[in-house]
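4 protein chains.
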Amino acid sequence: MLVVMKSTATSEMVEAVVKAVSEMGLKAHPIPGANRTAIGITGNKAQVNDTALRALVGVEDLVHVTAPYKLVGRDFHPQDSVVDVDGVTIGGKEVVLMGGPCSVEPLEVTLEIARAVKKAGGKVFRGGAFKPRTSPYSFQGLGEDGLKILAQVRQETGLKIITEAIDPENLRLVAKYTDIIQIGARNMQNFSLLKAAGKSGKTVMIKRGMSSTVDELLMAAEYVMAEGNNRVILCERGVRTFAAHTRNTLDLSAIPYVKARSHLPIVADPSHGTGVREMVAALSRASVAVGADGLIIETHTSPDKALSDAFQTVTIGTFETIAKETEDIAQILGRSF
Amino acid sequence: MLVVMKSTATSEMVEAVVKAVSEMGLKAHPIPGANRTAIGITGNKAQVNDTALRALVGVEDLVHVTAPYKLVGRDFHPQDSVVDVDGVTIGGKEVVLMGGPCSVEPLEVTLEIARAVKKAGGKVFRGGAFKPRTSPYSFQGLGEDGLKILAQVRQETGLKIITEAIDPENLRLVAKYTDIIQIGARNMQNFSLLKAAGKSGKTVMIKRGMSSTVDELLMAAEYVMAEGNNRVILCERGVRTFAAHTRNTLDLSAIPYVKARSHLPIVADPSHGTGVREMVAALSRASVAVGADGLIIETHTSPDKALSDAFQTVTIGTFETIAKETEDIAQILGRSF
Amino acid sequence: MLVVMKSTATSEMVEAVVKAVSEMGLKAHPIPGANRTAIGITGNKAQVNDTALRALVGVEDLVHVTAPYKLVGRDFHPQDSVVDVDGVTIGGKEVVLMGGPCSVEPLEVTLEIARAVKKAGGKVFRGGAFKPRTSPYSFQGLGEDGLKILAQVRQETGLKIITEAIDPENLRLVAKYTDIIQIGARNMQNFSLLKAAGKSGKTVMIKRGMSSTVDELLMAAEYVMAEGNNRVILCERGVRTFAAHTRNTLDLSAIPYVKARSHLPIVADPSHGTGVREMVAALSRASVAVGADGLIIETHTSPDKALSDAFQTVTIGTFETIAKETEDIAQILGRSF
Amino acid sequence: MLVVMKSTATSEMVEAVVKAVSEMGLKAHPIPGANRTAIGITGNKAQVNDTALRALVGVEDLVHVTAPYKLVGRDFHPQDSVVDVDGVTIGGKEVVLMGGPCSVEPLEVTLEIARAVKKAGGKVFRGGAFKPRTSPYSFQGLGEDGLKILAQVRQETGLKIITEAIDPENLRLVAKYTDIIQIGARNMQNFSLLKAAGKSGKTVMIKRGMSSTVDELLMAAEYVMAEGNNRVILCERGVRTFAAHTRNTLDLSAIPYVKARSHLPIVADPSHGTGVREMVAALSRASVAVGADGLIIETHTSPDKALSDAFQTVTIGTFETIAKETEDIAQILGRSF
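Those sequence lines, one after another, are chains B, A, Z and C.
Sequential numbering of the first sequence, starting at 1, is according to our numbering.
Sequential numbering of the second sequence, starting at 1, is according to our numbering.
Sequential numbering of the third sequence, starting at 1, is according to our numbering.
Sequential numbering of the fourth sequence, starting at 1, is according to our numbering.
Worth flagging that the hints you see were computed from the coordinates, not collected in a lab.
Just to be clear, a hint being listed does not mean it is correct.
One copy or two, it doesn't matter: identical chains are merged, so the pair holds either way.
Cut-off 25 Å, straight-line C-alpha distance, at most; resulting in silico cross-link-like pairs (DSS-like, lysine-lysine) [to be verified]:
{"no.": "1", "residue 1": "Lys118", "residue 2": "Lys93"}
{"no.": "2", "residue 1": "Lys27", "residue 2": "Lys93"}
{"no.": "3", "residue 1": "Lys305", "residue 2": "Lys27"}
{"no.": "4", "residue 1": "Lys70", "residue 2": "Lys6"}
{"no.": "5", "residue 1": "Lys19", "residue 2": "Lys305"}
{"no.": "6", "residue 1": "Lys6", "residue 2": "Lys305"}
{"no.": "7", "residue 1": "Lys70", "residue 2": "Lys199"}
{"no.": "8", "residue 1": "Lys27", "residue 2": "Lys6"}
{"no.": "9", "residue 1": "Lys93", "residue 2": "Lys119"}
{"no.": "10", "residue 1": "Lys93", "residue 2": "Lys324"}
{"no.": "11", "residue 1": "Lys199", "residue 2": "Lys118"}
{"no.": "12", "residue 1": "Lys119", "residue 2": "Lys148"}
{"no.": "13", "residue 1": "Lys259", "residue 2": "Lys6"}
{"no.": "14", "residue 1": "Lys93", "residue 2": "Lys195"}
Bear in mind the structure is a predicted one, so any value in this text is a computation, not a measurement.
Turn these sequences into a full structure, and let the hints guide you.
See the structure below:
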């Protein structure tokens with residue numbers, strides 16, 4: 001860490017900072033400059049608790065030069081993590097396609113969608129049984145009945161299941177049925193939920209919060225891993241910006257950024273990332289081209305009849321096109337499908 | 001609601017929309033235009049479920065013209081709500097000052113701060129016992145011990161207590177000790193937590209999420225009120241933008257916006273709203289001038305020794321200045337302190 | 001357009017709006033609703049001047065349902081525009097690669113880069129002679145000497161030239177030397193400059209402003225086309241958001257959005273779109289995969305010695321890799337290179 | 001400046017950076033750390049040109065610790081600048097009220113507004129003769145006729161005049177008529193225009209760009225001052241964010257931030273800062289409370305008939321209320337009106 005002193009700081013103020021740093025058991029390295037002095041700090045194992053330093057007289061700013069994450073970082077685990085979900089591997093050579101409705105539909109419809117997803121090349125089936133909704137009056141999902149439908153989909157199709165958990169108690173229920181627990185964007189910093197997900201030992205997919213930095217997403221993963229659970233997948237699903245032509249702005253640069261810093265797999269969600277059905281195929285291609293380890297796409301045999309999010313849900317036909325186009329792109333990148 | 005048809009939509013497509021609307025038990029009013037047709041929808045009691053409509057061939061866009069909130073809106077409750085917390089009224093003529101440390105400190109320190117807050121004119125004491133932190137390795141609060149310290153503060157000073165709950169189970173514990181349950185910015189759309197807060201019957205203060213619209217904040221309050229709990233206070237605490245000179249951008253326009261649409265009280269948090277100690281007094285003045293019903297300010301007798309957030313915590317001296325300056329401004333607006 | 005009345009509006013207020021609309025020579029269509037009345041307006045050729053209406057008593061909101069652009073829209077020109085720059089076509093089947101340094105370098109270096117760009121498959125050479133810089137003390141470009149170097153590059157390599165103009169007077173000078181005039185992001189709403197670009201008759205590439213909506217970008221193009229100049233290319237180069245891991249957030253959804261609404265070609269700039277050298281190749285692949293008509297990439301034989309923007313400038317080796325990878329992706333989309 | 005090395009950097013790489021720094025005539029101070037080395041740089045007079053350094057092998061990041069501005073900074077001019085516009089002082093004890101229509105109206109209407117502005121306590125009259133508009137088909141202002149009307153307003157009322165210039169040539173015309181030249185938000189980084197404003201020697205008010213940081217605003221002022229013109233006023237007018245309830249988000253924290261770093265006066269524009277007529281009075285109070293040196297407010301005797309921006313233009317009655325309320329607040333802060 002670096003302490004930047006004010007240009008008006010006296011040498012006594014600089015001395016006081018050096019002393020405070022020493023008292024923390026760390027080493028201070030003053031660097032006198034033309035206008036002001038900076039003081040480097042070394043010897044810290046974790047990030048320096050900067051509370052005391054920031055408050056000292058004459059201090060202008062503190063600059064952290066070490067990344068705050070540990071277990072999720074490549075420094076501690078240089079190779080890519082490959083998460084094996086009962087035979088489906090995420091983060092390896094394969095690009096994994098996940099599809100299904102926004103909300104779990106009644107059994108017959110859900111099964112019909114699942115069979116089509118599988119036929120098109122999908123490996124994981126998505127569907128929300130518990131839906132976090134802005135309005136208390138909106139449809140909130142089928143609940144445990146939805147989980148049972150998902151379990152039946154797995155049994156009949158062999159697809160793996162991903163579905164969202166919305167609070168720690170609810171997570172224990174969800175974990176009984178699903179292969180992958182989804183932590184939704186609104187809950188990315190619901191730390192109780194992240195800890196519960198860590199303790200569950202299940203594979204966890206964490207979606208980036210709609211105004212979270214990528215570093216905060218990595219720190220959310222650190223919460224899960226700090227509980228001893230290494231089975232973590234990240235998901236870029238768009239962030240909130242001033243742009244008005246899409247529901248969110250899909251930030252594809254997050255993917256190479258994560259790849260450079262973390263060993264964890266990361267998939268893209270172009271459905272929420274655009275919120276516009278007509279754009280999903282184009283952004284799916286872009287996501288695979290940029291290096292995503294998978295795609296999660298809202299899909300329905302009759303999107304117009306979907307229980308929620310119809311406007312961003314694609315048809316099976318579009319899903320098949322996406323599968324075909326992204327497979328070709330994956331091959332260019334030396335990946336399979 | 002209004003359905004906007006594409007300029008290429010045929011009259012058959014328009015007819016199909018009219019028919020679909022009728023089948024929903026609503027009334028359709030086509031408005032043919034020079035370039036395209038729009039179709040007004042009336043007769044709906046709640047917001048129209050637009051899933052089916054958006055998906056019809058020829059539909060360009062749907063425009064909702066009714067606000068989605070009900071219980072929080074002035075249409076249903078024209079007068080200002082005044083929340084009475086055991087004698088301290090929020091939302092009435094009085095501007096209420098809340099102060100205290102970011103995290104609850106050890107008893108002696110906490111009491112010392114509380115006495116100073118009270119002497120300066122504060123009515124409510126703040127302090128986090130459970131802290132949601134970006135890093136799992138950061139200090140997470142004193143837990144139930146912190147709650148006990150807060151209860152003792154109330155007993156010795158008569159100040160009301162506000163402290164944060166972070167999950168539904170935790171909320172039950174927090175509710176046993178506190179006067180006001182705080183729902184933090186990261187949990188504004190943690191709907192399980194909001195429902196639990198509603199069921200508790202306690203006064204609840206909801207902080208605006210860091211990338212939430214004001215309408216989403218109002219919908220979060222709707223979740224609490226839908227459980228039969230009318231004791232809700234809102235809090236503007238800054239939003240995330242590209243601006244780099246503050247930790248968040250305090251969006252003071254949220255206050256007159258809320259006042260125009262909702263009967264609920266709203267306070268401002270200039271500590272998180274700026275993240276910079278030196279700016280807190282200036283933004284406190286602005287908050288009261290814009291019409292806030294109160295201020296919540298991180299305060300410490302020795303900010304430099306605070307357990308967290310030292311860089312945005314003001315001294316008791318600054319807190320007293322804020323009290324004095326904002327009281328004068330409150331009087332100009334015909335309010336007392 | 002639709003006028004939404006307040007729920008408290010009386011029938012007299014509704015009548016007043018209907019009357020005002022009639023006096024504008026337009027037709028009003030009242031749609032009474034359960035809670036409030038909306039009034040559709042038809043008969044307008046351009047967007048309704050809503051000043052008078054918005055101010056009438058009882059009016060809650062105005063909703064425009066017609067896009068504000070005309071010449072840039074597909075309604076008026078359904079087929080894709082293909083801009084032919086002296087044999088290099090942009091917006092057709094071909095994906096066009098543009099490369100070169102941020103600032104024009106001395107002649108020998110510039111020529112060396114240009115030959116490498118051409119060899120790798122580039123068709124257009126970029127380089128700034130006039131640089132808009134945040135600080136008046138930063139290097140501002142070689143000026144007319146830079147333009148002369150660019151002209152020599154064209155003569156010796158056959159590459160087309162693109163370079164930025166920064167004010168109307170300067171544009172007249174730039175137009176004498178270049179094939180394509182670039183309007184930079186900071187000048188996207190410099191309407192005097194856009195008009196001058198329109199009058200020049202030269203091909204114009206307009207970069208999206210760093211906080212401009214895509215509709216505003218299209219309106220900037222409308223300024224150029226309104227002067228009778230149809231030779232317009234758009235460019236997505238990233239927008240400003242809270243995200244901290246990149247200099248800008250490349251908003252690739254802008255590309256399918258523009259393609260759906262406008263006939264104009266659009267290229268992507270992954271150099272400014274990320275600001276990070278290591279991410280340029282990945283986002284280049286994504287840009288072509290999403291449907292961009294070309295790429296403009298900061299390239300240098302020795303990026304570390306570049307006169308500006310070194311941290312986002314790629315080597316010739318990376319440029320060649322990008323050319324190869326994006327050509328493969330272009331072919332999947334049925335495009336050539 | 002500080003160079004942060006990668007954790008994998010070898011001592012040879014560190015040596016290479018030290019050598020490069022020395023070759024720039026500067027001094028390098030390596031600070032070896034537990035995980036990585038940082039290298040402090042001192043001796044630089046201006047900001048270090050970091051191009052060469054950033055590109056060296058093993059360099060992770062560069063951190064600038066010196067502010068990039070010089071003439072606008074308090075380091076070089078500790079006292080507040082007071083700009084005297086022919087007897088009206090901005091930046092001193094007085095809070096200056098500026099009012100008038102968005103666009104200059106016909107003479108009689110303009111004069112009527114001006115007299116009312118003066119009577120309410122206004123000192124400066126605003127009105128656009130040249131209007132930068134998103135659409136080429138929108139009303140673009142009265143042009144030089146508008147400037148002549150403004151000159152007549154000054155003659156008849158004694159009010160000072162502020163009006164916008166939109167390109168360097170246009171600025172020469174505007175400068176002949178006006179007391180203060182306004183540089184609009186869209187042109188904040190139109191550096192040709194800023195230089196022309198600097199050369200004019202006239203008082204210049206620079207509005208913050210809608211996605212500009214406050215530091216970029218200060219750098220825009222540096223452009224004007226670098227031409228030898230110290231007569232600069234800044235203006236906070238709101239920035240673009242995801243928030244939907246206002247046209248822009250008025251960032252009042254910019255005002256104490258500027259005050260701490262720069263000697264230049266700064267005023268607030270709550271009309272553009274909200275875009276909503278009903279919010280202007282509340283945000284005017286907040287602006288003066290936070291420390292603004294003045295307010296610029298769109299005002300009209302009949303806002304509903306204004307040539308542009310009617311929805312954010314207040315009546316004379318509201319303008320008078322604002323004058324009264326903000327005068328009271330100014331007095332609390334020890335300022336006059």
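Structure-based check of each hint:
{"no.": "1", "hint": "Lys118 - Lys93", "verdict": "within (20 Å within a copy, 34 Å between copies)"}
{"no.": "2", "hint": "Lys27 - Lys93", "verdict": "neither (44 Å within a copy, 47 Å between copies)"}
{"no.": "3", "hint": "Lys305 - Lys27", "verdict": "between (64 Å within a copy, 20 Å between copies)"}
{"no.": "4", "hint": "Lys70 - Lys6", "verdict": "between (32 Å within a copy, 15 Å between copies)"}
{"no.": "5", "hint": "Lys19 - Lys305", "verdict": "between (68 Å within a copy, 15 Å between copies)"}
{"no.": "6", "hint": "Lys6 - Lys305", "verdict": "between (62 Å within a copy, 21 Å between copies)"}
{"no.": "7", "hint": "Lys70 - Lys199", "verdict": "within (18 Å within a copy, 39 Å between copies)"}
{"no.": "8", "hint": "Lys27 - Lys6", "verdict": "both (20 Å within a copy, 20 Å between copies)"}
{"no.": "9", "hint": "Lys93 - Lys119", "verdict": "within (21 Å within a copy, 32 Å between copies)"}
{"no.": "10", "hint": "Lys93 - Lys324", "verdict": "both (17 Å within a copy, 21 Å between copies)"}
{"no.": "11", "hint": "Lys199 - Lys118", "verdict": "neither (31 Å within a copy, 43 Å between copies)"}
{"no.": "12", "hint": "Lys119 - Lys148", "verdict": "within (22 Å within a copy, 59 Å between copies)"}
{"no.": "13", "hint": "Lys259 - Lys6", "verdict": "between (37 Å within a copy, 16 Å between copies)"}
{"no.": "14", "hint": "Lys93 - Lys195", "verdict": "neither (29 Å within a copy, 43 Å between copies)"}
In summary, the numbered hints that this structure violates are 2, 11 and 14.
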